[in-house]
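> Chain by chain, the residues run as shown.
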Amino acid sequence: MSAPHPQVSSTPWAIDIDHVGKVFTLDNGESLVAVDTVDLKIEKGEFVALLGPSGCGKSTILRLVAALEDPTTGRIAIENRDPLSLSRQHRLGVAFQDHALLPWLSVKNNIALPYKVAGRPVDHERIADLLGLVGLKGFENARPSQLSGGMRQRVSIARALILNPDVLLLDEPFGALDAVTRRHMNVELQRIWGEERITSLLVTHSVEEALFLADRVIVMSGRPGRVVKSIAVPFERPRRPEVQRTAEFHSLADELTLALEPEEAAAS
Amino acid sequence: MSQSAQIRRSSGGFFLTLVSRYWGVLAVLLAWQAWVSISGVNAIVMPHPIDVLLNIVQNPGSYWQNGSQTLLLAAGGLVMGMALGTLIAVVAWTSRVLSGILIPLGLIFSSVPVVALIPVLARLLGYDVRTVLAIVVIISFFPAFVFTSAGLRALPPGSEDLFQVLGASKWRRFVHLVMPSAVPNWMIALRLAAPPAVLSAMVAEFLMGSSGLGYMFRAAATDFDTAQAFGTSVVATAISVLCFTAATLAETRVNQKWK
Ligand SMILES: Nc1ncnc2c1ncn2[C@@H]1O[C@H](COP(=O)(O)OP(=O)(O)OP(=O)(O)O)[C@@H](O)[C@H]1O
Ligand SMILES: [Mg+2]
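So the protein lines, in turn, are chains A and B.
Mind the numbering: the first sequence is residues 53 to 320 in our numbering, read in order.
Mind the numbering: the second sequence is residues 2 to 260 in our numbering, read in order.
So here's chain B without its partners, still in its complex pose (with noise of 0.2 Å):
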């Protein structure tokens, strides 16, 4: 066999696998395709999927520049979320008290929808950024919290025993032995909270920004800019997929570790 067919063949093979594992996305391309063909609805209700595509290349600066932000806020916000929800839930672990009172807390706090909370937020830190990071940070905190505490009473069987006969010191028991056992558990946090974490920076920026994906999203809106519209949810999700998938390898990977 000669080596150009072999790189066709391979490269076939790689066709293949990206048809079958993508069909459905080129079957809804398609379908909106026909459909917007075939109704001949206007354009400002149901853009066609190539004008939305020319959107995006022709006015990469804007894409990359509001896309980028989001996904910075998302990201700075998920990292602190994580963080706080981690230390509470380390504090709550401390004391049977504080754990009493922290989780039922939490729970209360995790049904209040955070969409209503934008403009009181708002109100308090402000029309910008600021308060988008906050709307991050409060959703992203929860599942690390919840996550956390569970994962930090999931100790591998036999270990306590191991710890006690070992002599081990309680701050050394949590080194050795409790914070390990929640990095399962945390890591299932961080894939809850990716996807979570762009979507919501989008809807702050959306309520009350002056930038990022969310404001580019309204103000195209308004103008009846439907192909930019669309396109900017293209690039969103797109940057959600991308972080839910992120977040799914590096919890695959801690797993090989620790299991």
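This is chain A alone, in the form it adopts within the complex (with noise of 0.2 Å):
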């Protein structure tokens, strides 16, 4: 398959989301908007996080980056390149919102996946390393249907970073861990982060966690999505859990948790 659109200019960013909507058409003829245009462009080695209401298009538009689906309306270019491009050259890391491990490997062979996949001797110290990353040594042998929820959502994260991708596609990687180890995991993937400053897009429902996390917050509106907010982390790396203890995170807390819930405020 070959690009759609051609190259005309070069622009300097890794991730560019140039005037995208996405329709999906329904099994009954009906269309259904599910990203307005959206315009977002992230920097190489920039970590964005993504918050907004349930059913706002946020898996659908890293699906697009992903080049799961194509977007309707504008384009998408990593590097300058069409999407497919990346994940062809095994540079894509995506952690997928329901796991998607497979059920027959062992938690140490779905990690070492796409080793297998890419054609690449399977790297054992990093399958390692990673598993006591994510608080999994112990359970290289057990298989997906013996693991909690929580427990497969950091297997597949783990899946996500061992070819240490260029882009990394993380959607509610945490949703399904308690509170506790889920902001053990934040530090954790902020330590990871910090080594390796992989360009991340980042979807998450919490807004401390898009806070601790990202250098920069978008904040979308209901469906059709679109970008109603974005904001700076000012907050310097690296990150100390401390940080969200500040009265600036506090604050800017707030102004998210109002950017998200637009409603409230006009009524208060």
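Mixed in with the good hints, there may be bad ones.
With a cut-off of at most 30 Å between alpha-carbon atoms, the simulated BS3-like pairs for lysine-lysine come out as follows [as the list claims (entries may be wrong)]:
#1 B:K171 to B:K260
#2 B:K260 to A:K168
#3 B:K171 to A:K189
In case anyone wonders, no lab produced these hints; they're calculated from the structure.
Two chains, two frames, some hints: make the complex.
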């Protein structure tokens, strides 16, 4: 498949979501506007978090960037190229909302799958490291059916990171975790990310998680999704968990929460 | 509690589970014995269960020889038929056009009564084990083809997206995703195909063979040796149940790992 658009101009962006809209045609013939015009540029090495009400098109945007869907309008470029070429080169890491582990493979072999698919030798040491990072040491040989929902999500994150991707897409990766494990995973992810500075796009429902992890937080409106707010996160890296207790963190969190609930803001 | 009492107890428990599980078989045997004793039918019409048992015990050589031949033919034919069915299912999977031709063709052929094919095949292949083997292969082919075809399309949720995102080539996708996905269905095919494999081997031997359990049954029936004819059926049933049980166990084992 060739790129649907000729490469006219080159941009400095790692991910360029250029006035993208997505319309789904439903089984009954009606069309559903999942994403209105979204314009989002992400720099190389930048971590962007996407907040928004359920059904506003966050997963759809991630799927568009992963070349799993084609935009109805506008275009997406990753490093000035068709997004498909990134996954072809095994440089894309994705942790899906519903983990998508293969039930017949052990935890270890699920994490090793990207090596096999890419035809590269399996680096057992790196697998062991990542298993430790996501707190699953001792579960190497367990099957996905023997794990809790949160553990499966963590396996899927390890799998997304295993090949040192250049672009990382995370769709509510910690949605099934309890608050304590979630905070712990946030700290770990922040640390891994600090070492490798992977261009990342994270979908989350947690304002605190977005603020703690991201360089920039984008808030989307309800369906059809549009960008309603974008704030730069000022905290220095590496970030310590204590940053979440500062006054500045709280005021930013309030600002984002307000942007997420426009009706309540209008009512008060 | 003394040790011997414990053993007596556990062996009693074993006997009880045996009875509770297979009381149906036992009841049939008892009813059979009672019926022959009370009605006094001729032993040529209906032998005593005890005579059948004696016949088996007294001719271990011929039962073993014919039984093992039938079992080998059934097993060999089953393996070949499953392999062929899997292969054709994979070929059909590779192209929409091919599957459009092969799947309806497979369904049409699977409804042909295979017994009717035996004389034709015997004419082609000869009146010997080759024809028996061919019949078993044909019988085992269809479940393998139908179930593997369905299994190759039953991929776990989200896995197709995953493989696209990982940039998998068509071949790697096939090896790491499509083939493993078909395994549970393949095991169903094996379980379903195992008893008919034994049965069809016997039918073919019965109609045109010169050895095997089917032939042994026909020879005994022709000689009015009813005890031996029944003995053959008993051995055939045992082999069939054995194959089914083995396939079911294998299926459970695989499913534990696969699901
Ligand atoms: N393949 C599809 N066909 C039709 N409609 C779809 C499809 N995928 C998504 N949609 C619709 O698009 C809208 C946005 O879906 P999306 O999954 O992107 O939401 P989301 O923001 O990720 O929600 P959540 O936070 O609940 O995960 C929804 O209304 C959904 O019904
Ligand atoms: Mg979603």
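> Indicate, hint by hint, whether the structure satisfies it.
Against the structure, the hints:
At most 30 Å may separate the alpha-carbon atoms for a hinted pair to count; K171 of chain B and K260 of chain B meet this at roughly 24 Å. Distance restraint check for K260 of chain B and K168 of chain A: the Cα-Cα separation of roughly 21 Å lies within the 30 Å cut-off, and the hinted pair is therefore satisfied. With a C-alpha separation of about 33 Å, the suggested pair K171 of chain B and K189 of chain A falls outside the 30 Å cut-off, and the hint is violated.
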